[in-house]
Every structure is written in C-alpha cells, then in structure tokens.
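**Student:** As given, the protein sequences belong to chains A and B, one line each in that order.
Heads up: the first sequence at position 322 corresponds to 322 in this note's numbering, and the numbers run straight through without jumps.
Heads up: the second sequence at position 85 corresponds to 1085 in this note's numbering, and the numbers run straight through without jumps.
Derived by calculation from the structure, the hints in this document are not laboratory data.
Predicted model only: the values in this text are computed from it and were never measured.
A hint or two may mislead.
Said to hold, decoys possible - Beta-carbon label-pair distances, calculated as ranges: (1) Asp30/A - Asp1008/B: 44 to 50 Å; (2) Glu24/A - Arg1105/B: 53 to 59 Å; (3) Gly18/A - Ser1128/B: 45 to 51 Å; (4) Glu24/A - Lys1084/B: 39 to 45 Å; (5) Gly1067/B - Asp157/A: 31 to 37 Å; (6) Lys1029/B - Thr527/A: 22 to 28 Å.
Quick reminder that beta carbons are idealized off the backbone N, C-alpha and C, glycines included.
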Amino acid sequence: MLKGGYAGKILEINLTDGDVKKVETENYFDSDLFIGGKGLAAYILWKELKKNVDAFSEENMLVFATGPLTGTLCPGTRMCIATKSPLTGLFCDSYVGGHLGAELKFAGYDAVVVRGKSEKPVYLWICDNDIEICDAKHLWGLDTFRVEDAIREERGDRAIRVACIGPAGEKLVRFAHINTERYRQAGRGGTGAVMGSKNLKALAVRGNGSIPIYDVEEFIGLAKEAHKAVLENETAKARKRWGTARTIIFTSDQNLLPTRNFREATFEGAELLSAEVLEKKFWIKHKACHSCPINCGKLGVVRTGKYTGTVVEGIEYETLALMGANCGISNHEAVAYANMLCDMLGLDTISTGNVIAFAMECFERGILTEEDTEGLKLNFGNEDAMIKLVKKIAKREGIGNLLAEGVKRFSERLNVQSRSFAMHVKGLELPGYDVRASPGMGLAYVTADRGGCHTRAWPISYEISGKAPDGTVIQRYSVEKRALIVKMQQDENTACDTLVACWFLKGAVGKERYVKMLNAATGMKLTVKEFLEVGERIWNLVRMFNIREGLKMEEETLPDRAFKDPIPEGIAAGQKLRREQLETMLEEYYKLRGWDEKGVPSKEKLMQLGLNFVIS
Amino acid sequence: MPTAVVVDYKICTGCRLCEIVCSLRNEKKISTNLSRIRVNSFPPGIDVPVLCVQCDKAACIEACPQGALERDPKTQAVTVNVEKCVGCRLCVEACPAGAISVDSRRNTVFKCELCGGEPECVKICPTSALSLVKVPFDTRIFAKKAEEIAEELRDLWMIPKEELTHA
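Generate coordinates for the entire structure from the input sequences, incorporating the hints supplied.
**Tutor:** Shown next as structure tokens:
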C-alpha cells in the first residue's frame, strides 16, 4: 500500500487507437523493487517492449516517469524519459529538471506511458482527470518556444507545463531532444525523435491536486536538514554561483576538454568561455528547477553585436565544451546563439557539437569538400558555418541530412578512415571529457547503459585526488580500482535515478538522507543497503534489455583515437589509452558485477537481485 | 508596525520551495494551488512570487461583507476567519496584488497569514529573495500584480521585446 510520495496513478496512452487508461500505481509495479523513475521505466520497457522493434516503429514506447520524491521538498528532483534509442538501439533514459515532473504529479500521475502512433499530429492534454488527445496541426513545424507559448495562450493558463519537440524531432533527427520550459531538456539519446515518430508534438500538463506525504513532520525535518547540507557544501556553493560553466577551466587545465573533435584536450580559448566571462557579460539571473536550492541554471542575454537578442539559459558546460572548444569556437556569444537554436529547434547540444566537429575534421582532411557542404567552409573555428549547420541538421537540409543520423551512421557513410575519429560509444556521441587522460572515464563510457555517457559514473574526481573510495592510493593514468569506482557510482546513481534525484545534489545530500526522506515520504522501510541494491537490480535489468536488443561485446570499446593519437600538449601530453588497459578494466568490471566474460549477467546474480522474471 | 514578507524579485530562481513548504505547513500536503505564495513564470524565464503584503489600509478587509478578514494584533497579518467566509470572492477582486485564492473544496478563501509570525517560505528560500520586514509605512506600496513586475524586470534586464526566430 502506497501511503505517500507517489501521486497514485499511471496514465497509459495508445496513440494508434486513442485509448486512454488510468492504472493504480501500486498495481502497476513492485515499488519496493524498482521505486520509480528509471526503475519504473526499465521495468515497463523490459516487460512490454517487443525485442528488436525499430526505434521509430509504432511499437516503440515512450515513458515519462517521475519518482516518489519528484515535486516534493527533497532538494532538486527531476523526471526520467525513457525509450528505445534511435541512436544506439538500446535502452535510453534521459532526465529533465524544470517543473514538468512536479506538475504531472499534481495532476495525479506518477508516469505517462505512450504507445502507438497517431495518424496526424497531436498533443496530449493532461489536466487532473481530463485527458485529451488534441489536434496539433497548428503546432506542427513550430519551434519549441512557440509551441509552449501557443498552448498556454490557447488554454489561457500561464502555469501549464509543456514538454515538446521542435522541427528536429518532427524530422526524426536521431539526437532530437524533448524540451521543457524553453531551456530544460531531456537531451540525450533521441527521445524527441521517438516522440516525432509517433506524431506527438507535445505533452501539456496542469495539475490542481496535491502530493500526499506519509509523515509530514518527519519529512519536513529531514528535507530541511538536506537543504542545509546542500547550502553548506563547497561544490554545491560553487555550482550555485557559477553553474556548470565553471568546469571548463578545470577540464582545459587537466587535459580533459574535448577540443577540435577530441584531437586536443586543452583549449586556448577556454578562458573566453569561462564562467567569469559569462557572469560579467551575459548572465542576468539564476534559474532553478523545481525544489532545487542550487540554481545551477543562469539566464543570459546578448545585448550587442551580431547575436543581439539571444536569450538562453546557460551556457552549460557540456554545450561550452562540445559546441565551443570541440568546434574550436571561443566566442561565447556565438555559442550562446547556437545553444538557443538547438533549444528551439530541438537538438541535443552534446551530439550536435560532436557531429559538427566530426564534419569539421572531415572537411579539414579533405574527406568532405565544399561540394559536399553546399559551399560551407567547415573549418574549425568557423562560427558562421557551425550555426548554419545547426539549422541544416534540424531541417535535414543538404549535408544536414547526413549529420542528422548521428556521428556513427554518418562516419559509416564516409570512408573507413573517418571511423577512427567518430567519437561515440555504441552510437551515442561522447560528451565533454576526453578519456586519454582519464582511463576511468574510458571505462565509464564503455559500460554506460545508454552508450557514451558521463552521468552514470564520473570517476575523474577520484583520479585527480589520487585516492580510491576505499582509501588506497591510485595513479591518475593507471587502471587500478577503476572497475570498483565505476560499478559503485553506477549503482548509486541508478538508485538516485529512481527518486528521481538530480546528480548535482547527490554528494551533498548523501544516500542515507535520501533513504530517510524516501521512507518518510512513502512509508517504505528501505535500508541504505537495499536502496543501493535497487540500483544494482536496475543496472542488471537494463543490461538484460540491451542484450535482448543484440548488444555485442565488441561494441564495448572506445573510438580508435583514444588509443592511437596521444594528447598533443598540456599536463598529460603524450598520454593515450592502451587497448590492454581497457581490457583489464573491463575484465575486472564484469567480474565485480557477477557477469561472465562476455558481459552477460549470471543466473545467480539475477536471482540474487530478484530478477527471476528475466531468466528465460 | 506594518509587517510583511517582501520579495527581491531579481534574485528569485523560480525553485518553488516556498510553494512546497507553504502547502506542506498549512495543508499537510504538497500543492501549488493550496500554497499561499505563488511563483508566476513568464517567458523567457522570469519568476515573480506573489503573496499578501499585509497592507495596512487593506482593500480586502474593506471589501469583505462578512467581516471574515481580520488583523492579527500579534503578527500584523490579515487572517481569514473561515467560519465567517462565504466564498463570495469580493476580496479576491479587491486585492491589488492578486494574493488571495479560493479553496474550492471548502468554498472559502485563503491567503498568507505569516505562519504565526515566522514564515516558512522566508526560512527555506535558498537565495534570500524573501524576507520578513517591519516598516514604518503602509506595506501596500509593495502590492503589485505579477504582470507588472515581470514587465519591470524585462526592462531592467533589457530583454528584447521582439524575440529572435530560428530563421
């Protein structure tokens, strides 16, 4: 019996026949085993998604899942959007902050499960008991900012929260995102393209109800303690003032910053893209997601020059790294404008920056010529060309049509040589950390469930500090203890992704407090050990999902560049990974996970985790 | 002395912790609609919290035909006597800030009553955008509609009236 935290119902929508069902959350899944968020999504997709369906077929599903702490007083909560990714063909969970998750719960729903495909463009209206599949002909083709404005205006309510796709999602750009509140996105893995394939332009949510809390006094006390801990935490304080933009100086200094398609790992223009510059010249105010004391978001305005009129929340580190340094661009106003374009058009800035940088390298090497690019001089540092390419990708115009397929498919269309510097793992474009000076990050990318991703494990802090979690001393460029660190972080992060807690607060809040808040909100009686086991359970379930989809061990590797081209300059000059280093880490990692040498979870492991139902 | 929670609009981040803690404290559950403070959002990312500023010369008290709105002598807050309130909404219309809401379940109005003198929203606000002040003048000068404040912030930050398109 769910006593609090959860909103109580799950909404099932079939766009093919227009069927709408409301199911009691407690009858839907075992909350003790999966809690919510990623756990709920992984369980549904394992159980109900037929294997090997095309990501764009009407059989694919799209799950919007909140967690029992989403929308509560727990600091910084989000929601999870999961599907089978059109980039990787694997499980994909992407997270979005903002206010949509909270609003969905106020409307009475813990999750929305979307199946099927509508014949014509529609949007989904969710307001308490009132669920409508509405015509979206007038919204089709509009950018994400205009869609939100239009829905609010036609419904006469400023407080409506909208998740929508832009032209890129409509055109099935494989890395199209789902956008909320203009500047908050479920960015990675192409969730927006799946939404587009279903002819679903938007979800518009308004909730007039409330979220019950099991033990109100206990919960308020615990949450306030957590807030105090966050506001006193040094890392959180830095994020509060500088956002994620602060990271660029650190990564540039540490040879971790992808520069000119990951050729270099330090950028001479990093200081021009720094948080100090943004604060002085660009930012006007701080922005926070629902219930978050950190406000890592910064709203900025460009008031003079070529990009006058640009208004965007950011620029986030990943965007600075991939659309700035990785494209060789140091003009923060150009990056801000490109950032806004991606938000409007519906493109993930990480994948977009990555694939544009790849095209730039191809151009400089003569693999692409001006004939291929419709006259664009795609040299690194050419901001005009970068901006034009963003637009071409979103509309699948000219060469943009090829880039829209993602860096893996694009490189497969070109010559074999280009594959060695197509920077992806399993089809997901790599984010803002070079692995040559961070073997642990190499393992993290390779083993991340959704492909090359930095949010499942981030062992860099241990490598730089030189100390493993068990206190032993580790060398920065060695492989010792990396398997242990990566597994530990993956399990912890996955557990937190069920709540759904933002990973920027995880360190300051700590798992003990999360578990206490979860218990006080829901009336559950979970221990920290059981909570972490939930993380491990979901990690294994998603692994089984990916194996069912045909994941091969050969795919658990890095682009050749990581092994072949040493870092040219900086503190890690000369560094590159050796293949046997990755093999050693992987072997150790599989063993630690209780997986066989091919990376398949053993029967015993699955039984031990209560995953009997996945054993065929 | 007139006492009210005042807002530094420039530093509100739109996190809504004030709404959450307000409804939890006053209604024992979390609900934007039941919060006494409401954070209004305006594109492109402007956040304007609205709550009662406890006007000294209070239009709501004057408008109430039932005498259901009273001044708490201890906290200086304007409080609602739910026994007397009939939900006629004349106070809602009279309020210069738009800070009074209707509880549709009970058909009575509700508003910020300063949590008995120690407002929870002020305590939780992570940027100190909210503060409890005592001033030697009528706090009514703080009462403004959210739209009006959003317009002022737009001017302050020179946010262009014409938005860029992706063309």
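**Student:** Each hint should be assessed against the structure and marked as holding or not.
**Tutor:** Right, here's what the structure says about each hint:
In this structure the supplied range 44 to 50 Å holds for Asp30/A paired with Asp1008/B, their Cβ-Cβ distance being about 46 Å. Between Glu24/A and Arg1105/B the Cβ separation comes to about 23 Å, which falls outside the hinted range of 53 to 59 Å. Against the hinted window of 45 to 51 Å, the Cβ-Cβ separation of Gly18/A and Ser1128/B comes to about 49 Å, which satisfies the hint. About 40 Å separates the C-beta atoms of Glu24/A and Lys1084/B, a value consistent with the hinted range of 39 to 45 Å.
The beta-carbon spacing between Gly1067/B and Asp157/A, approximately 33 Å, falls within the hinted interval of 31 to 37 Å. Between Lys1029/B and Thr527/A, the C-beta spacing of about 27 Å keeps the proposed range 22 to 28 Å intact.
Violated hint for the displayed structure: number 2, the only one.
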